[in-house]
Every structure is written in C-alpha cells, then in structure tokens.
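Chains as they are written, first to last, in the numbering used here: chain A, 220 to 309; chain B, 2 to 358.
Certain hints may be false.
[Said to hold, decoys possible] Heads up, incomplete: computed chain B residues facing chain A, CB under 7 Å, no partners named: (1) Glu240; (2) Lys243; (3) Leu315; (4) Phe318; (5) Val353; (6) Ser354; (7) Val357.
These aren't lab readings, by the way, just hints derived from the structure by calculation.
Since the structure is predicted, the reported quantities are computational estimates derived from the model, not experimental observations.
Don't be surprised by glycine CBs; every beta carbon is placed ideally from N, CA and C.
The chain contents come next:
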Amino acid sequence: MESETKYRRNEEIVFREEDDGAFLFDPDSGDLRYLNQSGKETFLLLGEDQSMSSVIRRMRELYPDIDPQQIEDDVRSFVKDLEENRFILT
Amino acid sequence: MHDQSPSYPLVSLYLYLSDQCNLSCRHCWISPGYSENATHGIPLEDLKNTILEAKTIGLQSVKLTGGEPLLYRDFNALLTFLAGEGIAVIIESNGTLFEHRILETLRLCQVDQIAVSLDAATKEIHDEMRGVRGSFDRTLQGLKLLSEYGFDFQIIMTLQRRNSQEIQGLVSLAKELGAGSLKINHLVPCGRGEQIFRNRENLSADELILLYQTVERERSSHGDLDVIFDLPVALRSIEDIKRRGIIECRILNILGILANGAFSICGIGQTMDELRMGNLYQDSIVEIWQNHRILMDLRDSLPRQLKGVCGNCLFRFQCLGACRANAYALNKDLYAPYFLCQESYESGRFPVSRIVQ
Chain A
220 MESETKYRRN
230 EEIVFREEDD
240 GAFLFDPDSG
250 DLRYLNQSGK
260 ETFLLLGEDQ
270 SMSSVIRRMR
280 ELYPDIDPQQ
290 IEDDVRSFVK
300 DLEENRFILT
Chain B
2 MHDQSPSYPL
12 VSLYLYLSDQ
22 CNLSCRHCWI
32 SPGYSENATH
42 GIPLEDLKNT
52 ILEAKTIGLQ
62 SVKLTGGEPL
72 LYRDFNALLT
82 FLAGEGIAVI
92 IESNGTLFEH
102 RILETLRLCQ
112 VDQIAVSLDA
122 ATKEIHDEMR
132 GVRGSFDRTL
142 QGLKLLSEYG
152 FDFQIIMTLQ
162 RRNSQEIQGL
172 VSLAKELGAG
182 SLKINHLVPC
192 GRGEQIFRNR
202 ENLSADELIL
212 LYQTVERERS
222 SHGDLDVIFD
232 LPVALRSIED
242 IKRRGIIECR
252 ILNILGILAN
262 GAFSICGIGQ
272 TMDELRMGNL
282 YQDSIVEIWQ
292 NHRILMDLRD
302 SLPRQLKGVC
312 GNCLFRFQCL
322 GACRANAYAL
332 NKDLYAPYFL
342 CQESYESGRF
352 PVSRIVQ
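Only chain B is shown next, with the shape it has when bound in the complex:
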C-alpha cells in the first residue's frame, strides 16, 4: 500500500512535454532540438495514469513546458483531462503557436497562468536571442490573442547583456498588451546559457543587483503591471520581500517529467543524465517520489548541507539554496552555493545583515 499522507507531498509536476522547440534560443537551459512540427512525446494515456497516481500523493498543479509545450500532439486533450481532474495548470510557452482553437481550450479549461517569453521590445534583439527571424512578430501576435481572449498572462524576459537596455521598453509593451505581470529572469549558466557565460555576455551579480535596484525605484511608474525581478531572496530589498514574500523553487515538493518519460528533479535531467530517476513507462511515480535516493537525500540534507554563503544565509530554510539544479550543473554538487549569491558575497555585495554564522 502506498502511504496516503506523505510528509513531503508532491504538490506540482513540471511536464517537459516536448524535447523540441520551434525557436532556437541562444540561452535556453534545456537545449531542445529544433522542429516546427508537432511531436508525439509521452503517449497521453501513460501521462494520464501517472498524473492520477501522483494525485494520491498530493498533486495539485502541473506546469506545462518544454521545449515548446504546444508542439505536444495531445496538448488540447491533456488540458481537458487536467481540467476534469481539478488540477491547476500553468503554461510556459514562446507564444508563437497560439491560435483560436488552442485559446478556446485554454479558456474552457480555465488555465491558471500563462507565461510567454519575450526578451525585448525591439524586434531585432528578440529575434537574434531567439535564433529565428520573425519570432518577435509571431510572439506578439500570440500575446495579442491572449489579450483578446481576456487572459491574465505574464511576459517573461531572460536578462543578459544584449537585452539589458530593454526593460523599460518591455514594461511599456507589456502594459500596452494588457499583461498582468512582467517577470525578469536572470540567465543561468546551464545548457546553452553556459556559452553565453563563457563569452561574458551575461550580467555580473553586481550589474544585476544595480538593475534590480533601478527597477525597484521605478516601481511606482509601472502602474497595474506587476514587475517581478527574479533574484534570490537574500539579494532582494526588504520592501520587496514584504510585498511579494519569499518565492523560491519548491524543490522538495516538485518533480519533473521529461519528454522521454524520465523523472527528474526538474528539467535538469534533460542535460544531466545522473539526475534522472527512473521512467514512467517502467516505474511508479509514487515509488520514485517516496524512495528514490536523490529525493531522500535532498529531504535529509536541505538546507543544512548547503555550502558557501548559502549555508550561512538567513533565508536558507525558505530559499533552500535557490536553484539546486543549477548548482549541480555548475559544480556536480547539489549542495554547492547558488552562483549569484556566492558571486555577490565574494564581491562584497551580499548583505552582511543576512549572514548568520
């Protein structure tokens, strides 16, 4: 019998529905293959069975991502199934494939959140970052459709040197399009992002903190648009923490399923084979969740085994070291410090008041 009341409920599944994408972003941490065509991915029945099994250990929401999740052949049928099961749905998409039929399904299924990547308000910069000419126009078209259908959507930009001057333009564009929020993600040195760091086209921790402070100062000019600058909580202002709370990866309550059916702590298994934990074709998700050594080790060790500045951070119990997948990708160590926090600590910018020996 499976334990029906686990101490670590599996609250959310991240479904990497397709290992293909119709864009070729220079910074993508998942590094999917390029394809314009619909992909088969996991057979819908197998996915449904795994989701139903996951409900017995606490599943409440799924994030549909990829690659581009809309390339998944059974995307609409999956949405309908999830809505029928009362599971909250978050979609991360590049927005280029939205059309009326999909949007009707999204509306019928009352999808909770739709996030669309848009890296710049300038067409040339976005297209260059996304690796496909014309992607800006296609994404803009998708965003306009979302707006037309009345969705409260989020725009996500991935910040690096080449689009660091685009924030204000994106704030204006997001307001014009009727977005509910603009999320500014920092680039991670993972997947294709690694090369951007090697070329020093990323922003340093110091530069990110300065930009964050500028955005915070200008908050009153953003009107109803919620501008979310994604930094680890220790680097955020007390005012921002008070306003938004501590929002970090809930690594102890999520599980990823890759397009090939493999389980992983998130999408990191796409590039790090050793972080794969069985496969839904052969393994029970409940067994994996309750007994796999990687997950058990994380539960035993976070946050107490965190190293570097993360091990001495005031927020370590809430933050759990920001992104553990990224720590592993960089250091082959799930407990290594988060690179931005460690970098800011070494440059003297990490707030002294937030270090506890």
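Extracted from the complex, chain A is given alone in its bound form:
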C-alpha cells in the first residue's frame, strides 16, 4: 500500500539548507529545486526513512492551523514530484 511505502533521500542529491528554505541539486543533470520552509521540513522527514502517512501526520502537527486535507494533498503532490525526479527513492 502506498501509505506504507518508506522513502529515503537519494544520496547522490545535494541538499543545501538556508534560513528561508533549501535547495536540492542533482550534480549529474544539473537539476535544481527550491524548497520553501514546509518543503524543507517535509524533505527532512523523508530523510528519516518515513512513510507517507507518518510524514503527513508530522506535518499536521507542525502546522495545526492549516487544513489537514490541504496538508495531505500538498505532501502527496510534493513527494510525487521528488520521486519522479529521483530526488528521493523508495
């Protein structure tokens, strides 16, 4: 099941944290992604070998004022993009 899939970072990807966000950089292709604060937090959680459902749960705890469904939709869409572009692996 999708919610039980564990994600981990692609070790070949460079992750650079800055005050207001972060960058993901693929040194091979040159692909570069900007992550805002919540994207950065999501990516860090993914780095802890977590499942989609646990990442969503943790993000809901971090952002209690945001609609829980919105958080779930955003996390799913974000993770899908990262996975498709091999910034994260399963």
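Could you slot chain B onto chain A? The hints should help.
Below, chain B alone, put in the same frame as chain A:
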C-alpha cells in the same frame, strides 16, 4: 539542407544597430563613437534576410541596442518588419531621441519592452556619468513621452560609487514617471568601464551585496514598481530567487550582430576582435550558428569547464557563469570565473551553502 530542429535554437538576436551614440557614457562596455547624426549601419535588406534566415533556427525575439539604436537610419522600417514577422522586440535606448513619430511606430508595432538608461535622479550626476550636459533633461523628456503613450517601460541604472546614493531617488522618480520596473545593473570592467575599475570608482562585491540587501529589505516600500537588482544568482537571497527565478544571460541561445555586420556572442565582438564569427555580408547565420568553433566549444564546455568558484557553484547549470563575455574580456578565457562571484568568494561573502565540491 539546414537542420530545421537544432538542439540549440537561436532564440534571440542582439542587434547592435549603431556603433555610434549621442552620449558618451564613462562606463559604457561597448565604447561606441560619439555622434549626434543618424548612421547607416547594416543595410536594411541585408538585416531582413539574416533575420528571416535566423527564424528557421528558432528566432523569437530581437534586442535592438547599440550604441544608440535610434540613430540607425532605418529604425522605424526595421520595427515594422519585425512586427510583421511576429518577432518580439526589446529596445535598449538612452531615451534622448524619442519623439512622436517613433513612439507611434513603437505603439503600432506593439514593442514588448523598452528599457531606458537613467543613472541618477540628480541631473548633475547623470550628466556627468553620461558625458553630455543636458542628457538628463532629454532622457526625462523621453521617459515622459513613453509614459504619455502608455508604455510599460523599464529604467536601467548602472551602479558605481558616484551614483550609489541615488537608488532611493531613482525609485521615487521611476514611480512618478510610471515605470514598470527599475533595473539596477552592476558595472562591468569592460570597455570604458575598465578605467572606472582602475580608478577604484566601482563598488566592491561586498559593497554591492550590502546595497542589494538594503534594497531587498525596502522592497515593500516600492509599491507597484518592480526593483530588480542585478547580481549573479548565487549572490541573491533565496526569497528573491523564489520571486524572480533564475534570470541569467542565455548565452547558448543568443547571437549578437554588430553594426558592421559581424557576428559575435553578444556585443563583446565590438572590443574583442577574436570573438567575432564571420559577417552577415559573407556568411550564413545558420552556418555560423551551427558550426562555428566558438559556439560549439561553448555548447560542449558550459558549465562543466567553468573555473574558480563558478565551477563549484550550486547554480552553475542555470547561471552558466553569469557573463562569459566579461570573463573573456578580463581573463582572455571564456571559462574564467565571473569576477563578482570570485571576488565575493575570496572575501568570504559567497554563501557557503551554494558551493558544491
């Protein structure tokens, strides 16, 4: 047969229509001759033929610049031709020669962007930098006409020590005139700008970064005016990158044509003969674009051959080393690091998070 689907489309041509200018700016990187008179430049028919040929390899836009492009005798006819061909037009001018007939043509041709140089809100400073007394008043008149005609124009200032206190004044003036944006360019040590660097009248990388941060902090006070501080992307804030994206010279998709008909990677061929690549009177632009060794070498080598901090920069694939023409002018090496990034790296101001070994 020419390849109709090149992997590197020639998206934009920079047309240096005149090698003359009616101003004599102390910092100009092209160093045109001084003239108040209209110049012949490339015969219009030759230019048209080259533009039509360039369309077969992807041409979408042209930038009309110079010298002062409005000195080109066939300026209006060229605009009409470009509009008829559906080619987007960007104009860079000192704004002193705008008059009703030209503005009517600009309006009819639906020119996409007009950028006018104005270095200060203070008349004396602008005139002194532009080398001609009265140029401030003439440019201001031109800007008012642009506003009257409803153009969404950009004001460009070239930042150096003598006008570093003028930013706020220019923001106010640009708002008053109805400009859409104010672009703050850093000075490059190229052409006449070289002497300004020798005299240490330029701003250091550290000073530029501090001014950039001040402008960024004051962004909320700029209202609808978009203030664009032009620094290499690696030196910009993450917030600014998010807002504006990564905007750098698209060296692999542009070609310059000088007023004498020579092809060059941009205007640099004006001062660096070795960066000229044939001439439209003798050579096919398609042949030059597809086969010239300088362009092929750039395609093979950027960004992987970039040196210094540029070779280790997180943004090297997008930025491609900022301005390669300037790197060459300074080092005779198309892959030398961009001077501002290298200077900031050596002074410890280059963001560590953006260096990838």
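Here's how the hints hold up against the structure:
The beta carbon of Glu240/B is positioned within 7 Å of a beta carbon in chain A (closest approach about 6 Å), and the interface hint is therefore held. Contact between Lys243/B and chain A, as hinted, is supported at the beta carbon level, the nearest pair being about 6 Å apart and thus within 7 Å. The criterion of a C-beta within 7 Å of any C-beta in chain A is met by Leu315/B, whose closest approach is roughly 5 Å, and the hint holds. Interface hint status for Phe318/B: upheld, as the beta-carbon distance to the closest one in chain A is roughly 3 Å, under 7 Å.
Checking Val353/B against chain A by beta carbon gives a least distance of about 9 Å; that is not within 7 Å, so the hint is violated. Taken as an interface hint, Ser354/B checks out: its beta carbon lies about 4 Å from the nearest beta carbon of chain A, inside 7 Å. The beta carbon of Val357/B comes within 5 Å of a beta carbon in chain A, closer than 7 Å, and the hint placing it at the interface holds.
Going through the hint list in order, the structure does not satisfy hint 5, though it satisfies all others.
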